[in-house]
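A.B. asks: Protein chains in written order, with our numbering: chain A, 1 to 209; chain B, 1001 to 1279.
Hint data in this document are derived by calculation from the structure and do not stem from the laboratory. Some hints could be false.
Said to hold, decoys possible - Footprint (simulated), chain A over chain B, 3 or more residues, beta carbon under 8 Å: (1) 1049 to 1057; (2) 1087 to 1100.
To be verified - Here are the computed distance ranges between Cβ atoms for each label pair: (3) A/95 with B/1090: 47 to 57 Å; (4) A/74 with B/1016: 18 to 28 Å; (5) A/63 with B/1007: 43 to 53 Å; (6) A/48 with B/1080: 26 to 36 Å; (7) B/1007 with A/87: 52 to 62 Å; (8) B/1080 with A/90: 45 to 55 Å; (9) A/96 with B/1090: 48 to 58 Å; (10) A/95 with B/1055: 36 to 46 Å; (11) B/1082 with A/95: 19 to 29 Å.
Remember, it's a predicted structure, so these values are computed and weren't measured experimentally. For every residue, glycine included, the Cβ atom is placed at its ideal position computed from N, Cα and C.
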Amino acid sequence: MAETLLDIAMMHSDSLITRAREGDKNAQGKLVQLWYKRIYNFSYKFFFDHDLAMEVSQKTFISMHKNIAGLQEVGRFKSWIYTIAVNYCREEARKKKTNRALSLNELRPGEGEESYRWEESHHRRENPELQLRHTELSDILQNCLMELSVEQREVVIMKEYEGLKFREIAETLNISENTVKSRMYYGLEGLKKILENRKITKETIGYEL
Amino acid sequence: MNYKPDEGMLMAYLYGELDAAETEKVQLYLQQHPEELKELQKLGDVRSAISHIQDKEVIAPPIFMGEANVRPLWQSNYFKTVMSIAASLLFLMIAGKFLGTEINYSGGELKISFGGKREPVKEMAQSSLTEEKVKEMIQSSLVSNNEVITSSWTEDQKRLSQSIRQNLDQNSKRIDALMKGASDTSQEQVRGFVASLQNENLKLMKDYFQLSTADQKKYTESLLVDFSQYLKEQRNQDMMLFQTRVSSIEKNTDQFKQETEQLLASIISTPVGKNKNSY
């Protein structure tokens, strides 16, 4: 994962976390600004649903506001905030299982220019068609990710997209590091099979792009 | 070689989280087991495939924290209710204390009274006393009071007189001491004063004599000078007078000379006859 300015800022946010822990509302607000995108994207990849991702993100940061004073070590903020997010994700997943409600967008995503995803593409590149293909490929792969079990999915997302170390994932999920690695292994194995089933290979991806 | 890395080790290798020694071990193993390497490469392909899932752009919405959720204990309804009951009870108790309220339940009757309790027993005791007894009691108490007062008064007087005497003695002693001191100091002062006066007089006399002699000298000198000047002037005047007289005599003589000369000349110049005729 390429290091953006945001990532660097997150790395150097120790003083911000210290101030937020002491009750500085301004610092808490800045932490929200810094971490919102990461938590949202983690939740989005977990659910593949914008509304649920927003819900989880909001709940996570409200919980952060309430409980940051009790954070023991500043260095553990990253795993701490992902723990909150994972717990809310699991809670929402349980609710979703019982409700079984579908959004209109899930019913009929549409194809090509009819797709609502035209509107979703915020940062359009010079070639809108290419952008659309990127978005569609992203969605296809996201669907593959959704076929994994919750345990494997959360580990894969944390490792692949959030760049957490195995030790940090173990801390976040409160499990052993070996279990994390094992889940990661079987997650990748599972994805390999899913991609094979859908006939998604290196070549098809290259053709798609 | 019996070494076979487990799934965890392979994952750590795949994500580069192994130290150098372990990495080398796994690499050696994979070189020796190409089928395992192929499997791992496939997993690497899966990684590169799923890396195409893009991050969604999102703007953090403002999150407002309701302060009402963290109400302190004293703002909770339960606390307010309990406190209001406690306050009203306290108010009733204070009011009861000030009004002298008494609530009594005895013999199947409830009595609520305000303004203190009346004691009928005392009234009974008072009624048993007669006037004479009271008078006697008053007299006896008066007598005892008087005795006490007189004794205390005499004691006070004694104390007062003692203290006055003591004070007088102390004061007289002090005054004597002061007087002594004053007389001693006055004799010394007078002597000193007289001595200083004598000294001053001596000085004054000296100064006076010195001054007077100097003045007399000056005066006599000036007198002598004046007299000599007077004499000078007198002589000058005499001299002037003398000169004028001498000069007048000179003039007279000169005139006389001239007249005589004229007479002689006329005599000489005139003929004899004529001279005879004229006389």
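A.B. asks: Determine for every hint whether it applies to the structure shown.
C.D. replies: Hint-by-hint comparison with the structure:
1. Closer than 8 Å: that is the beta-carbon criterion, and the region 1049 to 1057 of chain B has 9 residues meeting it against chain A, so the requirement of 3 holds.
2. Judged by the Cβ-Cβ criterion of 8 Å, the region 1087 to 1100 of chain B is not covered by chain A as claimed, because only 0 of its residues qualify and three are needed.
3. Take residue 95 of chain A and residue 1090 of chain B: their Cβ atoms lie about 50 Å apart, and the range 47 to 57 Å holds.
4. Roughly 26 Å separates the CB atoms of residue 74 of chain A and residue 1016 of chain B, a value that falls within the hinted 18 to 28 Å.
5. Between residue 63 of chain A and residue 1007 of chain B the C-beta distance comes to about 34 Å, which lies outside the given range of 43 to 53 Å.
6. Range check, residue 48 of chain A to residue 1080 of chain B: about 48 Å between beta-carbon atoms, so the 26 to 36 Å window is missed.
7. For residue 1007 of chain B paired with residue 87 of chain A, a C-beta distance near 27 Å fails the hint of 52 to 62 Å.
8. Distance hint check for residue 1080 of chain B and residue 90 of chain A: the Cβ-Cβ separation is about 39 Å, which falls outside the suggested range of 45 to 55 Å.
9. The given range of 48 to 58 Å is respected by residue 96 of chain A and residue 1090 of chain B, whose C-beta atoms sit roughly 56 Å from each other.
10. Take residue 95 of chain A and residue 1055 of chain B: their Cβ atoms lie about 25 Å apart, and the range 36 to 46 Å is violated.
11. At roughly 38 Å, the beta carbons of residue 1082 of chain B and residue 95 of chain A sit outside the given window of 19 to 29 Å.
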